[in-house]
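A.B. asks: Input sequences plus hints: build the corresponding full structure.
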Amino acid sequence: MELRLEGLSVTVAGTDLVRELSLEVPGGQVVGLVGPNGSGKSTALRCVYRALRPTHGTVWLGGEDLAGLSLRQSARSVAALTQEGGGDLDFTAAEVVALGRTPHQRGNRSLDARERELCREAMERMDVAHLADRGVLSLSGGERQRVLVARCLVQEPRVLVLDEPTNHLDVRHQIGLLSLIRRAGITVLVVLHDLNLAAAVCDRIGVLSEGRLVATGTPREVLVTELVERVFGVSATVVPHPLTGDPQLLYTLSPHTPEEGTT
Amino acid sequence: MVAPADTLRYLWAGVTGDLIGADEVSRYQIIWQLRTPRVLLAAVVGAGLGAVGVAVQALVRNPLADPFILGVSSGASVGAVAVGAFGVLGALGVYAVSAGAFLGALGGTVLVYAASVSAAGVTPLRLVLTGVALSFGFQAVMGVIVYFVPGNEATGTILFWTLGGFGAATWGSLPLVTVVVLAGVALLRSASRRLDVMTLGDETAASLGVDTDRLRRGLFALTALMTGAMVAVSGAIGFVGLVIPHVVRIVVGAGHRRVLAIAPLVGAVFMVWVDLVSRVVAAPRELPLGFITALVGVPVFILLLRRRGYLFGGR
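First to last, the sequence lines map onto chains W and C.
Going by this note's numbering, the residue at position 80 of the first sequence is 80; the numbering climbs one at a time, nothing skipped.
Going by this note's numbering, the residue at position 58 of the second sequence is 58; the numbering climbs one at a time, nothing skipped.
Fair warning: there could be bad hints in the mix.
[What the hints assert, rightly or not] Covered, in the sense of this in silico footprint (three residues per stretch, anywhere, with C-beta under 8 Å from a C-beta of chain C), are these stretches of chain W:
no., region
1, 42–50
2, 74–80
3, 170–181
[Said to hold, decoys possible] Some but not every residue of chain C turned toward chain W, in silico, with C-beta under 8 Å:
no., residue
4, GLU24
5, GLU203
6, ARG279
[Said to hold, decoys possible] To give an idea of the chain W side of the interface with chain C (calculated C-beta under 7 Å), a few residues:
no., residue
7, THR102
8, ASN108
9, GLY217
Bear in mind the hints are in silico, worked out from the structure with no lab data behind them.
All figures in this text were calculated on a predicted structure; none of them were measured in a lab.
For each residue, glycine too, the CB sits at the ideal point set by N, CA and C.
C.D. replies: Right, here's the structure in full:
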């Protein structure tokens, strides 16, 4: 399912957090949003998973205006991993995952056999099946993050919105999660801080700076020394990955002076 | 003392209109006219406080919240004292003070709501802070009324409304609060899953299709109504609505469907026993219920907070 942001602007308390953002996420593709802290990435995502109503502009889901759908209707198509942690109450991991079925359910009916199977599968995919009966608040950050991703998966979304999904994850689970996103075949809009991971996982990347989209394109088009310098204020050497050819950034601690070590 | 067998016989007579001996009339009246409604009222209010406690803790996302945190009890006290002092609502006769307390409770919550609502909806933290602040304000108003309107009655009224008790229970005080509490618990239970989702956080809830702002407003109105109805008949009985939810969560887990099934039962049983203790421990005087619930509730709560493995809000 295609996701399209059109002229999205968000103003909160007089501050423009997102300005005139237009971005297309073709069906089945993974599009990354990168940018410095406070550049409006999370705010843009919030408009997609309905936690925030854009001041101007439209989010199109397939051919439909998201604003015309009920929260419940859009939750059946769009799942989100937010920056929120495990919540207030010490639900077990299995209970949290089961709550992912909420938009598909009426009232308080318990899950049917297919849904229970779905939950079991999702927990196995995210390598958290062994944590099923543990309280989420007592899990480590990375374990909890994987439980929350499993919750997104059982929502059976056609569009997945992820706000820094690799937070707290060790390298194995970062790679595992991003590979899963790559293979899932659903439309994904993801905010990532690690530009190298973004280059590896994304079909296209949008770069935000001060609420504006300043560049968009394939990783190879976008992740160039000049843009990284201008947007992030760091100097980086871009080299192709020896195996995949994806652009990879090698950072130098700035300002780079070869003599520094000797003085 | 009335023997259990006689008590059963009197209850049977009360329900079916069966005949009893002439020498038993006074004992029958104690059992049927005083004790029975009192026990039933204690059960209803205990159940209601347990359920409302669960709902309010989810509503304001705070483990220290109880049904009275949103200004209900202090508002009720102002209403009750005002009735006593100024004789307003005199047309309602014996129900005037209860009606005053109910209106005061609702007035208090409406004020808290109005003061905490903003363009972004009702935020949990602002609700709590506004509720606490306005409670102090209401207590001050109550103090001023008592100060300027002489008479011992007012002091007793305050003691009753702030500590609570079932001494005034009659058959007449039962129906309204019973209907409100039962309907309220049923409504809360029907929202179990949405309550579960709401505690995951507002953004996550939105992504799962739950409109937390609307849910919060509904919960606010419902819990205010339920608490107001309970305060009007029993005063503000503390600690039950704070401790019972936590105790129940420890035993059955966090899911609201189970918690909202068990908490009312535990609350009802607990309240009936507390009321019994309050009558017999210093007989013939009655201890205010708030003393006993606090004496039992405080140590339980402290133990509970020290218990490893029970987490609320990850703290």
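A.B. asks: Against this structure, judge whether each hint is valid.
C.D. replies: Evaluation of the provided hints:
no. : hint    : result
1   : 42–50   : holds (count 3)
2   : 74–80   : holds (count 6)
3   : 170–181 : violated (count 0)
4   : GLU24   : 48 Å, violated
5   : GLU203  : 4 Å, holds
6   : ARG279  : 36 Å, violated
7   : THR102  : 5 Å, holds
8   : ASN108  : 5 Å, holds
9   : GLY217  : 28 Å, violated
Checked against the numbered hints above, the structure violates hints 3, 4, 6, 9; every other hint is satisfied.
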